[in-house]
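Chain E is fixed; fit chain V onto it per the hints.
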Amino acid sequence: NAGVTQTPKFQVLKTGQSMTLQCAQDMNHNSMYWYRQDPGMGLRLIYYSASEGTTDKGEVPNGYNVSRLNKREFSLRLESAAPSQTSVYFCASSETTGGSYEQYFGPGTRLTVT
Amino acid sequence: QKEVEQNSGPLSVPEGAIASLNCTYSDRGSQSFFWYRQYSGKSPELIMFIYSNGDKEDGRFTAQLNKASQYVSLLIRDSQPSDSATYLCAVKGWAGSYQLTFGKGTKLSVIP
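Note that the protein sequences, when read in sequence, are chains E and V. All the letters of the first sequence, read from the start, carry residue numbers 37 to 150 under my numbering. All the letters of the second sequence, read from the start, carry residue numbers 275 to 386 under my numbering.
Same shape as in the complex, but just chain E:
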């Protein structure tokens, strides 16, 4: 039982390049989330998916797109990377049907945009 997995662990991009961050969970959770964490800013929600087939914007969605591929997988895409997107990105999942809504996090992707 791996929990929440993310790939890649590290990535360096040049300004304007694109990439997709992958996330998968094996806990059969309904909801999945993408956060970024920056020094002094805490965890900020980028996008979330309450259930398979739905996605919604969080606090800081600009510059990102997401796809809920199936119940297990939720990807985050940067179409044209900018230095302001240098951050640590965490994926999380939670059970939201009769559950307690606690979120479980993946190990993170450390992204640097030069």
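All clues stand as given, with none of them false.
Calculated lysine-lysine pairs in the BS3-like style (CA-CA distance at most 25 Å, straight line): (1) V/381 to V/276; (2) V/378 to E/93; (3) V/316 to V/381; (4) E/45 to E/93; (5) E/107 to E/45; (6) V/316 to V/378; (7) E/45 to V/378; (8) V/378 to V/276; (9) V/316 to E/45; (10) V/276 to E/93.
Everything labelled a hint here was simulated from the structure, so no lab data went into it.
Below, chain V without anything else, positioned relative to chain E:
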């Protein structure tokens, strides 16, 4: 705008002492409250959660909730150097919301 406030610290306590971490929240309709531990360079790890007013104990950890005063706290008894980490408070809002709002965290340092 929902806000969750934590003292950024660092909070330093000697080994074996009780560490007390506090969190206040602005949304009076908040329903569930979570404490996460995050070691440097690692992802947040759930320690415990609490829904009802009062105390909830799990091993050396006790979460305390006071909805009237809109604060939640985490006590760590018999603190160990391995408890040195940043502790994040998270709050879930109204019944139909899935989102958690996180505080910026309190850095705890346990001195041997």
